[in-house]
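There are 2 protein chains.
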Amino acid sequence: MSSHNTTTHPGLAPLFETPYYAVIFTSQRNSVALGYAETADRMVTLAAQQPGYLGVESTRGADGLGITVSYWRSLQDIAAWRREGQHQTARDQGRADWYEHYALRIAKVERNYGWDHLDGSADPLLRAGS
Amino acid sequence: MSSHNTTTHPGLAPLFETPYYAVIFTSQRNSVALGYAETADRMVTLAAQQPGYLGVESTRGADGLGITVSYWRSLQDIAAWRREGQHQTARDQGRADWYEHYALRIAKVERNYGWDHLDGSADPLLRAGS
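Quick note, the sequences are listed as chains A and B, same order.
Letter by letter, the first sequence follows residues 8 to 137 of my numbering.
Letter by letter, the second sequence follows residues 8 to 137 of my numbering.
These are computed hints drawn from the structure, not numbers from a lab.
Treat the hints loosely; a few may be bogus.
All copies of an identical chain are treated as equivalent in the list; a pair is satisfied when it fits inside any one copy or across any two copies.
[Claimed, not checked] Restricting the straight-line Cα-Cα distance to at most 25 Å, the calculated cross-link-like pairs of lysine to aspartate or glutamate (DMTMM-like) are: (1) Lys115 / Asp84; (2) Lys115 / Glu24; (3) Lys115 / Asp130; (4) Lys115 / Asp126; (5) Lys115 / Glu45.
Given only the sequences and the hints, what does the whole structure look like? Please build it.
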């Protein structure tokens, strides 16, 4: 599966031929910092080594609300990553130590568009004719 | 379409019967503050009044990278919101004034799960048997 992007944009996952899959993980952190950043960084690195991984977008506000969207080639790839041992351990620790609550949604990406200010002002959705 | 949530969680959109749709908007803000917060707040309020609107999750980090995921009943509802006049104007202004680059993905939510620390430590994906 090849990326449609000709340039990379920090923080944004590439665009791909659809369909592919998104895992939308929205979480409220508590105030426990111990071990969190190290584990989160380790999981980002480990996820990127899994079959079918396409990219990730992640941010968290000062209020502790975070959204991480990871992109995958197939539902099978998502299921395999969920079974990965270190990932299972990290999820268990997240529930025990770091999260107040979260929601997780698995979604099939049907369309994707990108825009960069260097491209000009046109709406990419209009350019795509949809 | 009724929500599956028995309690609400600040910052998280409710869970719903699948399928429904997500619009994943990931954007890098520039440093221009003038008018942005007011317009963003106005669009959140206006979106919530549109047919088919289900909820929104939104956060932005100190580096200016933001992710907003809005949830909708159908692709038709998403298209109608995109045609809404004030929303069109706000998008044009966003491209002209406030964004460095963004990606927008439209995705069909096929599964959703939630967890709250008051519920205990079990993985909701395991509880769901999937």
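> Any of the earlier hints contradicted here, and which numbers?
Replying inline: 4, 5
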